[in-house]
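K.L.:
Can you build the whole structure from these sequences, using the hints too?
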Amino acid sequence: MSGTNFSAGTQLQRAFSAICLLIALLPAFSFATEVTLTPPSLSACQCDPLYYQVAITNTERDDVFIMALSSNYAFSTFLQPQIPVPGASTVKSTLVLNTACNAPAGNYSFSVIAAGSHATRKVDGYAIIKACKNLELFVPQQQAVCAGSSQVVALNLKNSGLVNESGKIVLENMPNRFFYLANGSFTLQPGQEKNFFLSIQPPSGTPPATFSYDVLANNARSTAALQIKDCTVRSSPTPRPTVSPTPTPTPTPTPAPSIAPRLDLNLSTQNIFMCAGSRKTFSLNVTAIGSGTTIRLVSSGLPGSFSTPQFTLPVRGRKTVDFTIDGTNLTVSNRTLSIQASSQLSSASGSVAVQLRVCPNIVFGQLELCLGESGSIPFAFKNTNAQTTDYIFNSSSAIPSHIEPSRATSEPNGIVSASIFATGSALGVFPITVLANTSVLSTSVVVVRVCSPVATPAPNASAVIENIASSTPAPTVTLIPTPNATAVPSGPARISIAEKIQETISNDNGTLENAVTFAVTNNGNNTVNLTPGFSALNASFDPATLSLNPGEEKELRASFTAQENQSIHLTLVSQDGGDYSLYTNAVNVPSSPVTGFFTASRAIGFFALVVVAVIVLLAFFLRKHFLPKEEDSAENMQAEAEPQKGKKRPSK
1 MSGTNFSAGT QLQRAFSAIC LLIALLPAFS FATEVTLTPP SLSACQCDPL YYQVAITNTE
61 RDDVFIMALS SNYAFSTFLQ PQIPVPGAST VKSTLVLNTA CNAPAGNYSF SVIAAGSHAT
121 RKVDGYAIIK ACKNLELFVP QQQAVCAGSS QVVALNLKNS GLVNESGKIV LENMPNRFFY
181 LANGSFTLQP GQEKNFFLSI QPPSGTPPAT FSYDVLANNA RSTAALQIKD CTVRSSPTPR
241 PTVSPTPTPT PTPTPAPSIA PRLDLNLSTQ NIFMCAGSRK TFSLNVTAIG SGTTIRLVSS
301 GLPGSFSTPQ FTLPVRGRKT VDFTIDGTNL TVSNRTLSIQ ASSQLSSASG SVAVQLRVCP
361 NIVFGQLELC LGESGSIPFA FKNTNAQTTD YIFNSSSAIP SHIEPSRATS EPNGIVSASI
421 FATGSALGVF PITVLANTSV LSTSVVVVRV CSPVATPAPN ASAVIENIAS STPAPTVTLI
481 PTPNATAVPS GPARISIAEK IQETISNDNG TLENAVTFAV TNNGNNTVNL TPGFSALNAS
541 FDPATLSLNP GEEKELRASF TAQENQSIHL TLVSQDGGDY SLYTNAVNVP SSPVTGFFTA
601 SRAIGFFALV VVAVIVLLAF FLRKHFLPKE EDSAENMQAE AEPQKGKKRP SK
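For the sequence shown, counting from 1, position 103 maps to 103 in my numbering; every step adds exactly one.
Don't take each hint at face value.
Simulated restraints on C-beta separations [said to hold, decoys possible]:
1) Thr331 to Ser149: 47 to 57 angstroms
2) Asp326 to Ser70: 24 to 34 angstroms
3) Asn529 to Asp326: 33 to 43 angstroms
4) Lys229 to Val332: 26 to 36 angstroms
5) Gly301 to Asn156: 28 to 38 angstroms
6) Thr269 to Thr531: 38 to 48 angstroms
7) Phe197 to Ala225: 36 to 46 angstroms
Straight line, CA to CA, 16 angstroms or less: simulated EDC-like cross-link-like pairs of lysine to aspartate or glutamate [stated by the list, open to error]:
8) Lys280 to Asp214
9) Lys280 to Asp322
10) Lys158 to Asp124
11) Lys168 to Asp214
The set of hints was computed from the structure by calculation and includes no laboratory data.
This structure is a prediction, so every number in the text was calculated from the model and none was measured.
All C-beta atoms, glycine included, are put in the ideal place defined by N, C-alpha and C.
P.N.:
In structure tokens form, the structure reads like this:
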């Protein structure tokens with residue numbers, strides 16, 4: 001009996017172990033989502049951006065992941081807000097972290113969170129900020145100058161950091177007509193320094209006042225005080241003393257010291273890139289020193305014209321003139337433009353190197369940044385080549401910049417579009433040159449300015465302080481955030497555009513035939529009629545024209561052909577000339593009828609099969625170890641019958 005109990009207990013333990021093993025194997029059939037960050041840690045100097053690659057591996061069904069960044073440090077970031085990921089695939093995106101120009105050096109941790117409808121994953125990363133930039137700016141702390149006079153102030157800028165510094169000297173809280181700085185730009189290697197000469201010249205009649213102003217050079221700032229004095233001499237006549245008639249020798253008069261008349265000519269640029277057959281304008285400044293004079297401007301080397309070829313300047317007067325290069329009849333070449341400013345007593349000259357090249361008809365957006373911020377400039381052009389062309393993009397600028405996507409393929413007469421991502425690491429106006437296959441494609445401009453509030457001046461300086469901060473009007477468009485979306489509004493209507501869903505109908509070696517659905521809402525007070533357009537091949541719309549009453553929302557479906565991850569944009573033009581553009585990417589997202597194996601119904605069916613298989617295996621195991629076999633039952637019955645035969649029946 002005890003042996004039977006021991007055998008039954010052993011079999012029960014085996015059954016329990018088998019059940020535990022099967023339960024442990026069930027997660028192997030479950031689905032997994034993984035988020036990776038490459039590299040997990042990066043280091044950069046203050047004001048410089050950090051670029052990470054975020055990859056989402058989705059082994060579940062098709063899903064759209066909402067992206068978010070969590071960090072104790074307030075990074076300025078760029079992260080695609082929504083990333084569609086098909087089942088059994090991996091999609092990569094770019095994370096940009098912008099470090100502030102005044103960020104303390106140290107190690108900062110952050111987390112990238114991808115939240116899908118079926119799973120939420122998190123990956124940790126690190127940003128190491130190094131104190132690489134250190135500009136030392138010296139400005140005399142106090143100056144005093146008479147109204148109608150001038151004083152030269154020496155500024156000293158030294159690069160005590162570890163990296164090259166480029167930028168421009170900028171003055172805040174100082175009226176433009178009060179000062180003149182001949183050349184405020186600088187490029188300093190570590191250890192180098194440069195002197196600047198600031199001429200402070202308040203106009204005649206400026207009332208006495210004392211106020212402070214700031215001098216900026218990238219992240220270096222120095223504050224100084226300026227006192228404007230009334231130096232007019234007022235003296236009362238005094239009686240003449242009686243003199244003896246004895247004649248006295250007449251002294252020889254000493255000539256007063258004078259400044260030799262001369263002209264200063266400063267060109268706004270030394271190099272110009274322009275397309276053959278086009279026009280381009282740049283500016284120049286002329287200053288009269290020593291005496292007032294009439295100045296005449298003459299150019300040679302290239303055809304063009306001055307906005308004002310002849311003018312008159314007073315002493316210390318300055319004038320800005322535009323020169324337009326006329327390249328209508330010029331071919332591809334490298335030329336030199338010479339400009340001469342001359343008067344009766346002096347002359348000055350300068351030159352500009354001009355490169356004429358073949359340019360496609362490229363269209364750029366515009367970008368203005370605050371110091372330390374980042375932004376993007378979308379651009380597009382038409383492939384004028386007779387064959388399909390592969391483009392590899394690069395950018396060149398004095399501020400950090402790169403192009404996304406970095407590669408594109410276009411058929412003949414196809415539209416190629418991408419975006420320049422730039423960081424405002426220095427103050428000034430910076431050209432960004434776009435290169436395609438190592439050839440210069442075109443040049444755009446980024447303006448970096450100070451966005452901090454202007455300091456409040458002293459009360460007695462209200463008559464002489466000008467507010468040089470500019471304000472940007474609020475846009476007339478409302479945009480619901482979608483992947484890589486940028487709106488360019490004009491006109492009175494208020495339109496909201498949102499991308500709802502994008503599906504891939506077919507994929508031919510990276511050439512996608514996609515359908516995308518947008519939700520368009522009229523938030524204005526008037527009915528609008530919108531005509532859609534698309535920067536992609538074979539574009540068609542349903543409906544062809546969208547009419548929206550006030551407060552009404554409708555769907556707009558667009559079909560198009562594009563390369564995978566190609567930047568595309570939807571344009572809606574209203575009857576009053578309003579233009580609304582939504583930028584997004586062509587992504588490979590198969591529609592539900594042709595999704596991967598793990599659709600919703602198939603996933604449920606597969607899980608049901610796994611459960612049925614577990615039950616069958618469990619039943620088989622229990623039958624094998626606990627239920628007696630037919631042969632064993634027969635033997636047991638025979639064994640029980642044999643003792644009965646040996647017994648004698650009791651006598652009656």
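K.L.:
Each hint should be assessed against the structure and marked as holding or not.
P.N.:
Hint-by-hint comparison with the structure:
1. Thr331 to Ser149: 47 to 57 angstroms: holds, 52 angstroms
2. Asp326 to Ser70: 24 to 34 angstroms: This hint is violated: roughly 56 angstroms between Cβ atoms.
3. Asn529 to Asp326: 33 to 43 angstroms: Since the Cβ atoms of asparagine 529 and aspartate 326 sit about 41 angstroms apart, the hinted range of 33 to 43 angstroms holds.
4. Lys229 to Val332: 26 to 36 angstroms: Given range 26 to 36 angstroms: violated, Cβ gap about 58 angstroms.
5. Gly301 to Asn156: 28 to 38 angstroms: For asparagine 156 against glycine 301, whose Cβ atoms are near 37 angstroms apart, the range 28 to 38 angstroms holds.
6. Thr269 to Thr531: 38 to 48 angstroms: Since threonine 269 and threonine 531 have Cβ atoms about 40 angstroms apart, the given range 38 to 48 angstroms holds.
7. Phe197 to Ala225: 36 to 46 angstroms: violated, 19 angstroms
8. Lys280 to Asp214: violated, 34 angstroms
9. Lys280 to Asp322: holds, 10 angstroms
10. Lys158 to Asp124: Not OK: lysine 158 and aspartate 124 at ~38 angstroms, beyond 16 angstroms, violated.
11. Lys168 to Asp214: Judged against 16 angstroms, a Cα distance of about 14 angstroms means the pair holds.
Hints 2, 4, 7, 8, 10 from the list above are not met by this structure, while the remaining hints are.
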